[in-house]
Amino acid sequence: MIEKVIASLSVPSRREILNLLRNGELTSTAIAEQFEISAPAVSQHLKVLQNSGLVVVRKSGTKRYYRIRKEGFKDLKEFIDQFWDDSLLRLKEAAEEEERRNNER
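Under the working numbering, the letters of the sequence shown match residues 19 to 123, in that order.
Since the hints were made in silico from the structure, they are not lab data.
Take these hints with a grain of salt, some might be off.
Unchecked claim - The calculated label-pair distances, taken between Cβ atoms and stated as ranges, are:
#  : residue 1 : residue 2 : range
1  : Val75     : Arg119    : 56 to 62 Å
2  : Ile55     : Arg108    : 22 to 28 Å
3  : Thr47     : Glu115    : 53 to 59 Å
4  : Ser28     : Glu51     : 19 to 25 Å
5  : Glu115    : Val29     : 40 to 46 Å
6  : Phe97     : Arg76     : 46 to 52 Å
7  : Ala25     : Glu115    : 36 to 42 Å
8  : Val74     : Ile24     : 41 to 47 Å
9  : Val74     : Ser28     : 53 to 59 Å
10 : Lys110    : Glu43     : 17 to 23 Å
11 : Gln100    : Pro58     : 35 to 41 Å
12 : Asp99     : Val75     : 26 to 32 Å
13 : Arg40     : Ala113    : 16 to 22 Å
14 : Phe101    : Ala57     : 35 to 41 Å
Unchecked claim - The calculated SDA-like cross-link candidates involving lysine to any residue, where the alpha carbons are at most 20 Å apart (straight line), are:
#  : residue 1 : residue 2
15 : Lys110    : Asp99
16 : Lys22     : Asp104
17 : Lys92     : Lys110
18 : Lys88     : Ile98
19 : Lys65     : Glu21
20 : Lys81     : Val66
21 : Lys65     : Ile20
Backbone N, C-alpha and C define an ideal beta-carbon position, used for all residues, glycine too.
Throw the hints in and build the complete structure from the sequences for me.
Okay, here's the thing in structure tokens:
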């Protein structure tokens, strides 16, 4: 699933859509109004985001409401955290080594 998430985030328009949805649910029409691309193109981007698990859709009559699915970011966060955790560990070890050297002087 991580591959789908990363691929879906590789397109700037999709990242912009996610930024729009950070504050809450929006209709597909409201989202499309924020772009200079066609409504069908925005719909395709929304479909990719939905298929990757990053957004969910709620239908009400003829309208579709989209919102972020925070659980969809879990695998991506875990993937990124493994690099961050390694960096923090190396930083901690370097700081401890420097402190040990300073105490030996």
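Measuring from beta carbon to beta carbon, are threonine 47 and glutamate 115 in 53 to 59 Å? 58 Å, holds
Is it true that the CA of lysine 22 sits at most 20 Å from the CA of aspartate 104? 24 Å, violated
Within 35 to 41 Å: is that where the Cβ-Cβ distance between glutamine 100 and proline 58 falls? 38 Å, holds
For the pair we were handed, lysine 65 and glutamate 21, check the Cα-Cα distance against 20 Å. Distance ~16 Å between lysine 65 and glutamate 21 Cα, so the pair holds.
For the pair glutamate 115 and valine 29, does the Cβ-Cβ distance stay inside 40 to 46 Å? 43 Å, holds
Confirm or reject the claim that serine 28 and glutamate 51 have a C-beta distance inside 19 to 25 Å. Holds, since serine 28 and glutamate 51 (Cβ atoms, about 24 Å apart) stay within the stated range.
20 Å limit on alpha-carbon distance, applied to hinted pair lysine 81 and valine 66: Holds, at roughly 18 Å.
Does the beta carbon distance between aspartate 99 and valine 75 stay inside 26 to 32 Å, or does it fall outside? 28 Å, holds
Lysine 92 paired with lysine 110 [C-alpha distance capped at 20 Å]: Status violated; Cα separation ~26 Å.
Taken at face value, is the distance from the CA of aspartate 99 to the CA of lysine 110 at most 20 Å? Within the cut-off at roughly 16 Å; holds.
Check the following: the C-beta atoms of isoleucine 55 and arginine 108 are separated by a distance inside 22 to 28 Å. Given about 43 Å between the Cβ atoms, the range is violated.
Quick check: does the Cβ-Cβ distance between alanine 25 and glutamate 115 fall within 36 to 42 Å? At roughly 40 Å between Cβ atoms, glutamate 115 and alanine 25 fall inside 36 to 42 Å, so the hint holds.
When each numbered hint is compared with the structure, violations occur for hints 2, 6, 8, 9, 10, 13, 16, 17.
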